[in-house]
Amino acid sequence: MSEKEDLAKQKAAAAAKAKAAALAGKQAKEEAAEKPEGEMDIAKQKAAAAAKAKAAAMARKQAKEEAAEKPEGEMDIAKQKAAAAAKAKAAAMARKQAKEEAAEKPEGEMDIAKQKAAAAAKAKAAAMAGKQAKEEAAEKPEGEMDIAKQKAAAAAKAKAAAMARKQAKVEAAEKPEGEMDAAKQKADAAAKAKAAAMARKQAKEEAAEKPEGEMDTAKQKAVAAAKAKAAAVAKAKAAAAKNRTAVKESKEVNTPSELSPNQSKLDQIVSAIESHVGQGALLEHYINRLSKDVPTLVANPDTYFSIAKFLRYDEQLNFSYLSELHGTDFESHMEIYVHLHSFKMNQSVALKVKLDRDSPVIPSLVPLWSGANWPECEAYDLLGINFYEHPDLKRILLGEDWKGYPLRKDYQPYDVEV
Amino acid sequence: MLRTEEMLLNVGPQHPSTHGVFRLVIKIDGEIIKEATPVIGYLHRGTEKLAENLQYTQIIPYTDRLDYLAAMTNNYVLCHAVETMMGVEIPERAEYLRVIAMELGRVASHLVWWGTYLLDIGATSPFLYAFREREMIVNLLTELSGARLTFNYMRVGGVKWDAPEDWIEKVAEFVPYMREQLAGYHELVTGNEIFVNRVKGVGIYTKEEALQYSLSGANLRCTGVKWDLRKNEPYSIYDRFTFDVPTREEGDAFSRYHCRMEEIEESLKIIEQAVEQFPEGPVLAKVPKIIKVPKGEAFVRIESPRGEIGCYIASEGKKEPYRLKFRRPSFYNLQILPKLLEGENMANLITILGAIDIVLGEVDG
Amino acid sequence: MIKDLLHSAPSLLNFGIFFGLAVLLLFVVLGFVTYGILSERKIMGFMQMRVGPNQIGGKWGLLQTVADVLKLLIKEDTIPKKADKPLYILAPVIAFAPAFMVLATLPFTDAFQFADIGVGLLYYMAISGISTIGIVTAGWASNNKYSLIGGMRAAAQMISYEIPLVMSLVGIVLLTGSLNLNDIVAAQEKVWFIFLQPIAFIVFFIASVAELNRVPFDLPEAESELVAGYHVEYSGFRWAFFMLSEYVYMFAMATLTTVLFLGGWNSIPFLDFIPAAIWFGLKFSAVFYVLVWIRVTFPRIRADQLMEFGWKVLLPVALANIFLTALIKELINLF
Numbered sequence: 001m002s003e004k005e006d007l008a009k010q011k012a013a014a015a016a017k018a019k020a021a022a023l024a025g026k027q028a029k030e031e032a033a034e035k036p037e038g039e040m041d042i043a044k045q046k047a048a049a050a051a052k053a054k055a056a057a058m059a060r061k062q063a064k065e066e067a068a069e070k071p072e073g074e075m076d077i078a079k080q081k082a083a084a085a086a087k088a089k090a091a092a093m094a095r096k097q098a099k100e101e102a103a104e105k106p107e108g109e110m111d112i113a114k115q116k117a118a119a120a121a122k123a124k125a126a127a128m129a130g131k132q133a134k135e136e137a138a139e140k141p142e143g144e145m146d147i148a149k150q151k152a153a154a155a156a157k158a159k160a161a162a163m164a165r166k167q168a169k170v171e172a173a174e175k176p177e178g179e180m181d182a183a184k185q186k187a188d189a190a191a192k193a194k195a196a197a198m199a200r201k202q203a204k205e206e207a208a209e210k211p212e213g214e215m216d217t218a219k220q221k222a223v224a225a226a227k228a229k230a231a232a233v234a235k236a237k238a239a240a241a242k243n244r245t246a247v248k249e250s251k252e253v254n255t256p257s258e259l260s261p262n263q264s265k266l267d268q269i270v271s272a273i274e275s276h277v278g279q280g281a282l283l284e285h286y287i288n289r290l291s292k293d294v295p296t297l298v299a300n301p302d303t304y305f306s307i308a309k310f311l312r313y314d315e316q317l318n319f320s321y322l323s324e325l326h327g328t329d330f331e332s333h334m335e336i337y338v339h340l341h342s343f344k345m346n347q348s349v350a351l352k353v354k355l356d357r358d359s360p361v362i363p364s365l366v367p368l369w370s371g372a373n374w375p376e377c378e379a380y381d382l383l384g385i386n387f388y389e390h391p392d393l394k395r396i397l398l399g400e401d402w403k404g405y406p407l408r409k410d411y412q413p414y415d416v417e418v
Numbered sequence: 001m002l003r004t005e006e007m008l009l010n011v012g013p014q015h016p017s018t019h020g021v022f023r024l025v026i027k028i029d030g031e032i033i034k035e036a037t038p039v040i041g042y043l044h045r046g047t048e049k050l051a052e053n054l055q056y057t058q059i060i061p062y063t064d065r066l067d068y069l070a071a072m073t074n075n076y077v078l079c080h081a082v083e084t085m086m087g088v089e090i091p092e093r094a095e096y097l098r099v100i101a102m103e104l105g106r107v108a109s110h111l112v113w114w115g116t117y118l119l120d121i122g123a124t125s126p127f128l129y130a131f132r133e134r135e136m137i138v139n140l141l142t143e144l145s146g147a148r149l150t151f152n153y154m155r156v157g158g159v160k161w162d163a164p165e166d167w168i169e170k171v172a173e174f175v176p177y178m179r180e181q182l183a184g185y186h187e188l189v190t191g192n193e194i195f196v197n198r199v200k201g202v203g204i205y206t207k208e209e210a211l212q213y214s215l216s217g218a219n220l221r222c223t224g225v226k227w228d229l230r231k232n233e234p235y236s237i238y239d240r241f242t243f244d245v246p247t248r249e250e251g252d253a254f255s256r257y258h259c260r261m262e263e264i265e266e267s268l269k270i271i272e273q274a275v276e277q278f279p280e281g282p283v284l285a286k287v288p289k290i291i292k293v294p295k296g297e298a299f300v301r302i303e304s305p306r307g308e309i310g311c312y313i314a315s316e317g318k319k320e321p322y323r324l325k326f327r328r329p330s331f332y333n334l335q336i337l338p339k340l341l342e343g344e345n346m347a348n349l350i351t352i353l354g355a356i357d358i359v360l361g362e363v364d365g
Numbered sequence: 001m002i003k004d005l006l007h008s009a010p011s012l013l014n015f016g017i018f019f020g021l022a023v024l025l026l027f028v029v030l031g032f033v034t035y036g037i038l039s040e041r042k043i044m045g046f047m048q049m050r051v052g053p054n055q056i057g058g059k060w061g062l063l064q065t066v067a068d069v070l071k072l073l074i075k076e077d078t079i080p081k082k083a084d085k086p087l088y089i090l091a092p093v094i095a096f097a098p099a100f101m102v103l104a105t106l107p108f109t110d111a112f113q114f115a116d117i118g119v120g121l122l123y124y125m126a127i128s129g130i131s132t133i134g135i136v137t138a139g140w141a142s143n144n145k146y147s148l149i150g151g152m153r154a155a156a157q158m159i160s161y162e163i164p165l166v167m168s169l170v171g172i173v174l175l176t177g178s179l180n181l182n183d184i185v186a187a188q189e190k191v192w193f194i195f196l197q198p199i200a201f202i203v204f205f206i207a208s209v210a211e212l213n214r215v216p217f218d219l220p221e222a223e224s225e226l227v228a229g230y231h232v233e234y235s236g237f238r239w240a241f242f243m244l245s246e247y248v249y250m251f252a253m254a255t256l257t258t259v260l261f262l263g264g265w266n267s268i269p270f271l272d273f274i275p276a277a278i279w280f281g282l283k284f285s286a287v288f289y290v291l292v293w294i295r296v297t298f299p300r301i302r303a304d305q306l307m308e309f310g311w312k313v314l315l316p317v318a319l320a321n322i323f324l325t326a327l328i329k330e331l332i333n334l335f
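Protein sequence lines, in the order shown, are assigned to chains A, B and C. So the first sequence is residues 1 to 418, counted in full-length UniProt numbering. So the second sequence is residues 1 to 365, counted in full-length UniProt numbering. So the third sequence is residues 1 to 335, counted in full-length UniProt numbering.
Rather than coming from a laboratory, the hints here were simulated on the basis of the structure. Do not rely on the hints blindly, as some may be mistaken.
[What the hints assert, rightly or not] In silico DSBU-like cross-links for lysine-lysine, where the CA-CA straight-line distance does not exceed 35 Å:
| hint | chain 1 | residue 1 | chain 2 | residue 2 |
| --- | --- | --- | --- | --- |
| 1 | B | 27 | C | 81 |
| 2 | B | 226 | B | 339 |
| 3 | B | 34 | C | 145 |
| 4 | B | 339 | C | 145 |
| 5 | B | 49 | A | 403 |
| 6 | A | 292 | B | 200 |
| 7 | A | 309 | A | 352 |
| 8 | B | 200 | C | 75 |
| 9 | B | 295 | A | 344 |
| 10 | C | 75 | C | 59 |
| 11 | A | 403 | B | 318 |
| 12 | B | 34 | B | 295 |
| 13 | C | 42 | B | 34 |
| 14 | B | 200 | C | 81 |
Whole structure, please, built from the sequences with the hints as guidance.
Quick look at the structure:
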């Protein structure tokens, strides 16, 4: 439903876009939702881009109020702020209509350097969009941008897209996606196409939606064509060039707010521990979001060894690999941090235990993992944590005659000559 | 009265084959080792303690001095830990530069290992060949970072500088050259009867023992555990490249040798692909001048040439870490040495120690 | 001339002449060692794709070794406190003297030889065995664990490899019917023994590398294991003596190989207008080059494998070669 008069040379691009829009429209119907699509043609004006982003943001606010919509204003070009203004106006009008009808997206699209005619056409398009929206209580404006050389504009868009996504979550309603074609990154484009495809699927599930922003570079029909194709075979191509942002985006979608992908594993581990080691064996357990979502278990000093033993030898869990062991002085207490890995579950887990700072004593893990030998010596050496039943606890780095434990926060260097 | 007695021999801390200041006290009966006790700490500089009073960017040069043969990876692990906690998005170009730099570092590190290992075994020439190629890598990395070993190149959010002009082309040229040389290495050494006799069946451990002793890297993969964090827990952009994780089943010194040699090839593959896909763009994300990590803790681990290098940060939200800890692969890998040496011939001591591939800067922290 | 002198009545003049000649030979040998070391370093540099010495004495580094020797001369002479002092001082002499003594019987050309004695080959083998004592003494007297292990290794190795070395030569003696080195050279006027006794040559060559303590058999000094083996405590000119004896042995062994297997100074047919001395020099250089080549190429063999190889492979092969040679010789005589 977007119409473009794009420049004389981009009919192909326009066609592709129109198609995409049509598809989006269908989905929107089914889900009573919508995808605005912003596309911009920016010749050289970052200012224009900024203005647009602002407009989009405003539109989004309105949309919230009305349970759904995003007009996107887009602007063009080369020297016509006037055109931009006209568009904005058109967008505003469209928005009003949308309000009345509980849903719609006008779309302003503009083109280039000297075509006010185009602007007029767009206004028309917006109007039409409004009508359709009424019928379907939903719609997809499409903004498209043409970025000749402005990465800044692209960045702005990405930001806008991100914001839009957040709103979408809140309202269970939509994901615009900014896509950029940097003149030379087809791979990127493919990846993005995939992301878009994924996003769309998810959107369906969640009664949500993804506007798609697409950008065209000033003179590359070929690119446009390639993009259309890319969208079609998105998966195959995307495999080759996976885009990190794409991955991230989808992740965000996957894990709205609290639920971490590792939550189920944490639950499994915790329930196994509680049924075998005993209720209350764990002081607490949580997903450490800062640390790549690693399930974290905090043990009691009394249950520390038995939990470790259980993790090590349980058939299902089988944490056979000790990746790291160290201590930390938190001033209020000492803490041992053990990072374990299970090849069977393909999952890491952090096991922590808090110790009394004045007499830090804890069973050694060497009987379970021989690899804990030196790390425990190191913790003994630098922090003064005593591991009992350790086969050979010694000051491994500093030597037996060293005074004090350097990594303790209250450590005072001892120097005979001072 | 004729009698025999055990002799206590100090190998190191100054010994040509301990690769630094590593000391091994061995009890020998003739040339048979009865007991071996490693003594470490001669190079302990207290990096972790120092870091508690430094800002994150200031810590990066200290990481260079841990595993000084592959300092890029150390740079990365610290930045990666900070970035993970802050949730910084790294610009594409920076990611590619990082990966290329790290993989070049991996090749260089394995070359040093190969050369010195052969030198330990008594062959002088491979050392010079390996260092010739390594010198080219070092030159490339010097062009990139300005330093030969202690690069200090990575920053939280990206890298310090963009690559100089033509740098990528030079890297691209290096890859086929290195492949050619690698074939020569195999011709010279891999099939050599004397060499094979010295390393085959020496220093064997099983898969279970390797896991039990927390070995990582080629030391783990030589027992058949297909475990490479680049593949199994992809970080940075490693999931974009096709490469293999070489493994062997035997668990002896020779299998470790094979694993490392094949890893060079895989690294070259990664470099090749990265060079092809090398994008334009900024190299440093927008991060605050003074980096403050959110309150909390994180442990990240990545694959260094020597194994699994990890970085633990506990932060109070200040500009210095509250506690910084590196999981140093050499430190963990070295633990199995006394067990491997027991009952071995003196001559195998060097073969076994060399095959573990330790860097003392890393062992001692 | 020397023969005449040997047959003349002993006198102070004769002693003086011999002494002068010996000193002369010593300097010739030292000259060789100087340039032998240089050429070894140059060849190694070439094979390892670097330049080698190129600073002192022009771009070829011609005076490099001279400078090195000079440095060794003025270096501090250290003797460890707990060393067995007399033995410590004596050891380098014991190691070096035999190396020089063996040169006496070696015929360099038909004209250039000091003592043409009947059992020249046996003399060489017997005298060279003495060096082992010097090395063991050095290892013991240093009172250092590394040097002790190195010394013991050296003793074990040299004794083990002396046997296949001698055994491999029995075939030649069988063919020649003489232990005299001149006779052996004369017997090769038509065909070199390397072609008649290929197995013996291989055994001899391997064993000789082991006798020289060179890579891949350099266990006594195995730098990466024993730091420097038996001479770890020696410095300055005492150390230089060990080095010197090693290179003189290399010189002697290359000469012996040339004499025994490559036809000595005999020329290739139709090329006999080239002087004998040059022929000898060429063959000698080839052997020397191969010795260096081996050093550059191979890693070090392990002690137990070394013993195994010596006793279980080389010795049986050498014995089989004797048997085979005797058999073939008898068969030829029969018909």
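We went through each hint and held it up to the structure:
| no. | hint | in the structure |
| --- | --- | --- |
| 1 | B:27 / C:81 | holds, 24 Å |
| 2 | B:226 / B:339 | holds, 23 Å |
| 3 | B:34 / C:145 | holds, 16 Å |
| 4 | B:339 / C:145 | holds, 23 Å |
| 5 | B:49 / A:403 | holds, 15 Å |
| 6 | A:292 / B:200 | violated, 40 Å |
| 7 | A:309 / A:352 | holds, 14 Å |
| 8 | B:200 / C:75 | violated, 43 Å |
| 9 | B:295 / A:344 | holds, 32 Å |
| 10 | C:75 / C:59 | holds, 26 Å |
| 11 | A:403 / B:318 | holds, 29 Å |
| 12 | B:34 / B:295 | violated, 50 Å |
| 13 | C:42 / B:34 | violated, 43 Å |
| 14 | B:200 / C:81 | violated, 42 Å |
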